[in-house]
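Peer 1: If you want the building blocks of each chain, they are given just below.
There are 2 protein chains.
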Amino acid sequence: MSDANDGAATVHLTLDEVRALAKAGLAKTGLSPDHVDAVAETMVAGERDGCASHGIYRLLVAASSVKTGVVVPDAEPVLDEPSPALVRVDGKGGFAQLPFRLGAPLLVEKAQKYGIAALALNNVVHFAALWPEVEKLASEGVVTLAVTPSHAWVAPAGGTEPVFGTNPIAFGWPRPSGEPFVFDFATSAVARGEIELHRRAGKPVPDDWGYDPQGNPTTVAEDVLKGAMRTFGGHKGSALAAMVELLGGPLIGDMTSLQSIEADGGRGGSPIGGEFIIAVDPAGFVGAMLGEHMKHAEEMFDTITGQGARLPSQRRYEARRKSLTDGVDIPAALMRDIEKLLEEA
Amino acid sequence: MSDANDGAATVHLTLDEVRALAKAGLAKTGLSPDHVDAVAETMVAGERDGCASHGIYRLLVAASSVKTGVVVPDAEPVLDEPSPALVRVDGKGGFAQLPFRLGAPLLVEKAQKYGIAALALNNVVHFAALWPEVEKLASEGVVTLAVTPSHAWVAPAGGTEPVFGTNPIAFGWPRPSGEPFVFDFATSAVARGEIELHRRAGKPVPDDWGYDPQGNPTTVAEDVLKGAMRTFGGHKGSALAAMVELLGGPLIGDMTSLQSIEADGGRGGSPIGGEFIIAVDPAGFVGAMLGEHMKHAEEMFDTITGQGARLPSQRRYEARRKSLTDGVDIPAALMRDIEKLLEEA
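Chain order of the listed sequences is A and B. Under UniProt numbering, think of the first position of the first sequence as 1, with each following residue one higher. Under UniProt numbering, think of the first position of the second sequence as 1, with each following residue one higher.
Calculated from the structure, these hints are not laboratory results. Incorrect hints may appear among the rest.
As the list claims (entries may be wrong) - Label pairs and their calculated CB-CB ranges:
| no. | chain 1 | residue 1 | chain 2 | residue 2 | range |
| --- | --- | --- | --- | --- | --- |
| 1 | A | S32 | B | A319 | 36 to 46 Å |
| 2 | A | D80 | B | S64 | 53 to 63 Å |
| 3 | B | M289 | A | D74 | 21 to 31 Å |
| 4 | A | Q214 | B | E339 | 24 to 34 Å |
| 5 | B | E298 | A | G306 | 42 to 52 Å |
Said to hold, decoys possible - 25 Å max Cα-Cα, derived DSS-like pairs, lysine-lysine:
| no. | chain 1 | residue 1 | chain 2 | residue 2 |
| --- | --- | --- | --- | --- |
| 6 | B | K295 | B | K113 |
| 7 | A | K92 | B | K295 |
| 8 | B | K340 | B | K28 |
| 9 | A | K113 | B | K340 |
What the hints assert, rightly or not - Partial chain A-side listing against chain B, Cβ under 8 Å, derived:
| no. | residue |
| --- | --- |
| 10 | A24 |
| 11 | V78 |
| 12 | E140 |
| 13 | G284 |
| 14 | V286 |
| 15 | A288 |
Every residue gets a Cβ at the ideal spot worked out from N, C-alpha and C, and that includes glycine.
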C-alpha cells in the first residue's frame with residue numbers, strides 16, 4: 001500500500017483537494033462525466049483510508065487504461081433483472097464503479113424484499129479494491145459478500161502453473177457505530193503489487209511466494225511475475241480462489257481469470273470481467289429481534305479487540321478519522337506525474 | 001480422519017451393512033425413526049468416502065450426545081419462510097440432518113424461483129461435516145455455500161484467547177460428471193480432532209497450532225485444547241472465521257461460538273446452534289447460455305488437474321468409487337464398541 005510513497009518529499013492536500021484533482025485528472029483522460037465522478041470517489045476513499053496504492057496514484061493507471069484502449073471511457077452501463085432476486089449490470093467495458101452505482105440501490109431493495117439478493121457486474125474493468133463497495137452496502141444496512149476474478153497469475157495448491165487471479169473476497173457487516181465490519185483480501189499469498197515493489201527495488205522475495213516459469217520455487221520477483229504466485233493458506237486458500245473464479249466467472253456469465261488474461265493479449269491491462277455480490281437483509285431471519293442479535297455480534301467484536309487484536313477494518317477507520325480532519329500527504333513525485341498528466345494536450 | 005483406525009485388525013462390511021449397523025445403533029440410542037434415517041445416511045457417506053472420523057465411529061458420539069442430554073432425540077423440526085427467498089428450520093435441539101432434509105427441497109425451489117435463496121438451520125446439534133449437505137444441494141443443481149459456528153476454541157489473529165469456533169466453510173458447484181466440485185474446511189489451522197489425536201498419542205504439536213491458557217505458544221496438545229487454537233492463513237483466515245460467526249450466528253438469530261460454549265456449560269457436548277446455507281441457481285444469470293459457461297468452469301478444473309494438482313473433493317470421490325464396489329474396512333476395536341452399544345439394555 002506504499003508504492004506511491006517512495007521519496008520523502010510530500011504535498012499536503014485536503015480530501016476535497018484530492019477529489020478535485022482526481023476529477024480533473026480523470027476528465028483529462030477522456031472518461032465521461034458519470035465515470036469521472038464514480039471513479040474519483042473510490043480514489044478519494046483510498047487516499048482517505050491510508051491505502052495509497054488505491055488512492056490518487058490510480059489516476060495514472062486509469063489514464064494508461066484509457067490510452068491503451070483497455071477501458072471504454074464513455075461506456076453506458078445497462079441494468080436488467082434476470083430473476084426476481086438477481087440484478088445484473090452490463091458495464092460495456094467501462095470501469096466497474098459506475099455499474100456498481102447503478103446496480104447497488106436495486107440490490108439493497110431486492111435484499112430487503114426477498115431476504116437475500118445478488119448483483120452481477122459484467123464486462124467491467126477492475127482497478128480498485130472491493131472494500132469501498134462492501135462498505136457502502138453494509139452502510140446501507142445489508143450484509144454483503146463480494147468476489148471478483150482477475151488475471152490468471154496464481155497456481156493452485158499442488159501445482160505451479162497459473163489458473164486463478166488474485167481473486168479477492170470482501171465482506172461487510174453493518175455495525176451500530178456506523179463503521180461496518182469490513183474485510184477485503186486477495187486469496188493469493190501476497191498482493192501482486194507487493195511482488196512488483198520487490199522487483200522495482202531489486203529485492204528478493206521469500207521463496208514461498210511463488211514459482212518461476214519452470215515451476216521451481218524462486219526468490220527472484222521477476223520470475224514469480226512471469227511464473228506463478230501461490231495462494232494464501234495452502235489448499236484452503238486455493239479452494240477459496242477456485243470458488244471466486246466460479247462465482248465471479250461462469251455463474252454470472254463472465255470470464256474466468258484464464259479467459260481474462262487471454263483476452264488481455266499481453267497488453268498488461270487491468271483485469272476485465274465480472275464481479276459477484278451477495279446482499280442479505282440482517283432483519284430477514286430475525287425480524288424484530290435484530291437489535292438483540294446485533295448485540296451478540298458486537299460482543300464478539302469486543303472479545304476480539306478486548307484482547308488487543310485488531311478488526312480487519314480498524315486501521316483504515318483510524319486513518320480515515322485522521323485524514324477527514326487533517327487531510328493527507330501525497331508524495332511530491334506522484335504529484336508531479338499528475339500535474340504532467342493534467343498539462344498534456 | 002484416521003482416529004477410528006488404530007489397531008491393525010479390521011472387519012469388512014458392505015455399505016449396506018454399514019447402513020444397517022448405523023440404523024440399529026442409532027435406534028438403540030433412542031433417536032426417533034426420522035432422525036435415525038437422516039443421521040445414518042451421513043455416517044454411511046463418511047465411511048463410503050474414506051472419512052472414518054465422520055463415519056460409523058460417530059455412532060459412539062451420537063450415543064453419548066443422547067445420554068448426556070446434549071441432543072433432543074425426538075425433536076420435531078419446524079419449517080417457516082420468514083421472507084420470500086429465505087427458509088428457516090428450527091431443529092428444536094435435535095441433530096442437524098433431519099432439519100436439513102426438511103429445508104433443502106424448499107431452498108432449491110426458492111433458488112430456482114428467485115435466482116438466489118438462503119436456508120437457516122436453527123437450534124441444531126452439529127456433529128457431522130458440511131460436505132454431505134453442499135454436495136447434496138450441488139447434485140440437485142444449485143451452487144451452494146454453507147457455514148456454521150461451533151464452540152469458542154480459536155483465537156483471532158493478533159490475539160490468544162478463544163472467540164471463534166473451528167467454523168467450517170463449505171462450497172458446492174454442480175458438474176456434468178455428477179461429482180460436484182466440493183470443498184469443506186475448518187477456518188482453524190487444523191481440525192480439533194487432530195489435536196486430540198496428538199494428545200491421546202502423547203505427541204507434541206507444532207508450536208503454531210495454538211496457545212496455552214496463558215497465551216503462550218505451546219507444543220503440548222492438552223494445553224492448546226485448554227487454551228486456544230489458531231486460525232489458518234493468519235489474518236485472512238481469522239477474517240473468514242469472523243464472517244462464519246456472523247452469518248451462522250447473529251444473522252440467523254442463533255448463537256455465536258462464544259454463546260455456544262457458554263451454553264454447553266462444560267459438558268463437552270457437540271456444538272449447538274445454527275447453520276447458514278446460500279443456494280444460487282446457476283441458470284439465474286446466464287439462462288440458455290448455462291452449458292457454455294459450465295464449460296468454462298470445466299476448463300478451469302482441467303487446468304488444475306492437468307498440472308497434477310488435486311481438486312478438493314477428488315480424494316473422497318476416489319474412495320467412494322472403490323467402497324461402492326468393494327465395501328469398507330472397520331477397525332475391529334470400533335466394531336466391538338458398537339456391538340457393546342447394541343447389547344446395552
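Peer 1: Each hint: holds or not?
Peer 2: Do the hints match the structure? See the list:
no. : hint                        : in the structure
1   : A/S32 - B/A319: 36 to 46 Å  : violated, 56 Å
2   : A/D80 - B/S64: 53 to 63 Å   : holds, 54 Å
3   : B/M289 - A/D74: 21 to 31 Å  : holds, 27 Å
4   : A/Q214 - B/E339: 24 to 34 Å : violated, 56 Å
5   : B/E298 - A/G306: 42 to 52 Å : holds, 48 Å
6   : B/K295 - B/K113             : holds, 24 Å
7   : A/K92 - B/K295              : holds, 23 Å
8   : B/K340 - B/K28              : holds, 11 Å
9   : A/K113 - B/K340             : violated, 54 Å
10  : A24                         : violated, 36 Å
11  : V78                         : violated, 14 Å
12  : E140                        : violated, 16 Å
13  : G284                        : holds, 5 Å
14  : V286                        : holds, 4 Å
15  : A288                        : violated, 11 Å
Checked against the numbered hints given earlier, the structure breaks hints 1, 4, 9, 10, 11, 12 and 15 and satisfies all the rest.
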